[in-house]
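A.B. asks: As given, the protein sequences belong to chains A and B, one line each in that order. The numbering of the first sequence is this note's numbering, which starts it at 1 and goes up by one. The numbering of the second sequence is this note's numbering, which starts it at 1 and goes up by one.
Derived from the structure by calculation, the hints contain no laboratory data. Any given hint might turn out to be false.
Unchecked claim - Computed list of lysine to any residue pairs in SDA-like fashion (alpha-carbon distance at most 25 Å, straight line):
(1) Lys-72/B / Gly-18/A
(2) Lys-39/B / Arg-61/A
(3) Lys-72/B / Ile-81/A
(4) Lys-72/B / Pro-73/A
(5) Lys-39/B / Ile-81/A
(6) Lys-15/A / Met-73/B
(7) Lys-22/A / Val-42/A
(8) Lys-72/B / Val-72/A
(9) Lys-39/B / Glu-53/A
(10) Lys-39/B / Glu-35/A
(11) Lys-72/B / Glu-17/A
(12) Lys-39/B / Glu-41/A
(13) Lys-22/A / Lys-72/B
(14) Lys-72/B / Trp-70/A
All of these numbers come straight from a predicted model, not from anything done at the bench.
Here's the letter readout for the chains.
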Amino acid sequence: MYLGRVLGTVVCERKYEGLEGKRLLVVQPLDHQQEPMGSPEVAVDTVSAGPGELVYLVGSREAALALDPWFVPVDAAIVGIVDSVDV
Amino acid sequence: MILCRVLGTITATIKHPAFAGRKLMVVQPLDEHQQPQGKSFIAVDHSSSAGPGDVVLVMREGNGVRQILGDKMLPIRSLIVGVVDEVDV
Numbered sequence: 001m002y003l004g005r006v007l008g009t010v011v012c013e014r015k016y017e018g019l020e021g022k023r024l025l026v027v028q029p030l031d032h033q034q035e036p037m038g039s040p041e042v043a044v045d046t047v048s049a050g051p052g053e054l055v056y057l058v059g060s061r062e063a064a065l066a067l068d069p070w071f072v073p074v075d076a077a078i079v080g081i082v083d084s085v086d087v
Numbered sequence: 001m002i003l004c005r006v007l008g009t010i011t012a013t014i015k016h017p018a019f020a021g022r023k024l025m026v027v028q029p030l031d032e033h034q035q036p037q038g039k040s041f042i043a044v045d046h047s048s049s050a051g052p053g054d055v056v057l058v059m060r061e062g063n064g065v066r067q068i069l070g071d072k073m074l075p076i077r078s079l080i081v082g083v084v085d086e087v088d089v
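Working from the sequences, and respecting the hints, build out all of it.
C.D. replies: See below:
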């Protein structure tokens with residue numbers, strides 16, 4: 001699981017069944033100092049996050065488990081909006 | 001499982017229901033000499049006694065996490081499962 005900053009939204013009219021109504025956001029992964037780490041990626045939003053917000057994500061198979069139905073082709077999901085990081 | 005140092009904590013009010021009541025920690029992976037190695041990430045604290053500065057044992061495997069936490073559908077991948085007292089290498 002890792003931190004990320006929401007950069008914007010993605011709209012797909014046609015997508016895999018099970019993903020209807022799911023919000024897609026472009027997210028820049030961050031390290032603990034909130035510095036960019038790697039390239040931006042597209043993640044499914046489960047918490048109604050918006051552009052500019054600091055969030056945390058879960059990747060891999062666990063990303064799909066955050067959704068209902070869970071057997072969907074997803075490899076990153078936003079699972080929380082971060083209030084504060086104390087490091 | 002890997003050794004990590006706890007860097008700090010994360011608070012989040014709005015989150016997926018699976019994270020309700022769980023402590024989130026930022027951890028830095030360490031090598032065998034306890035030097036930082038690789039990228040920091042977020043782990044759920046299951047030891048409930050880890051704090052900033054502690055060296056901890058982190059499991060990064062979702063199936064093991066779901067087995068320990070007793071829920072087959074948890075979207076959690078990294079779990080702090082122990083606080084390390086000593087490493088002899």
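A.B. asks: Take a quick look at whether Lys-39/B and Glu-35/A sit within 25 Å of each other, Cα to Cα.
C.D. replies: holds, 11 Å
A.B. asks: Can you confirm whether the C-alpha distance between Lys-39/B and Glu-41/A stays at or below 25 Å?
C.D. replies: holds, 17 Å
A.B. asks: Hinted pair, alpha-carbon criterion (25 Å max): Lys-72/B, Glu-17/A. Please report holds or violated.
C.D. replies: holds, 23 Å
A.B. asks: Does the structure keep Lys-22/A and Lys-72/B at a Cα separation of 25 Å or less?
C.D. replies: holds, 22 Å
A.B. asks: With the threshold set at 25 Å, check whether the alpha-carbon distance from Lys-15/A to Met-73/B stays at or below it.
C.D. replies: holds, 23 Å
A.B. asks: Starting from Lys-72/B, check that the Cα of Pro-73/A is at most 25 Å away, please.
C.D. replies: holds, 18 Å
A.B. asks: Between Lys-72/B and Ile-81/A, does the CA-CA distance stay at or below 25 Å?
C.D. replies: holds, 24 Å
A.B. asks: Just to be careful, I want the Cα atoms of Lys-22/A and Val-42/A compared with a cutoff of 25 Å; is the pair within it?
C.D. replies: OK: Lys-22/A and Val-42/A at ~12 Å, within 25 Å.
A.B. asks: Given the hinted pair Lys-72/B and Gly-18/A, is their alpha-carbon gap at most 25 Å?
C.D. replies: Status holds; Cα separation ~20 Å.
A.B. asks: Does the structure keep Lys-72/B and Trp-70/A at a Cα separation of 25 Å or less?
C.D. replies: With a Cα-Cα distance of about 12 Å, the restraint between Lys-72/B and Trp-70/A holds, given a limit of 25 Å.
A.B. asks: Please work out if Lys-39/B and Ile-81/A have their alpha carbons no farther apart than 25 Å.
C.D. replies: holds, 21 Å
A.B. asks: Does Arg-61/A sit within 25 Å of Lys-39/B, going by the straight-line distance between their CA atoms?
C.D. replies: Since the Cα atoms of Lys-39/B and Arg-61/A sit roughly 20 Å apart, the hinted pair holds (cutoff 25 Å).
The structure fails none of the hints (numbered hints given earlier).
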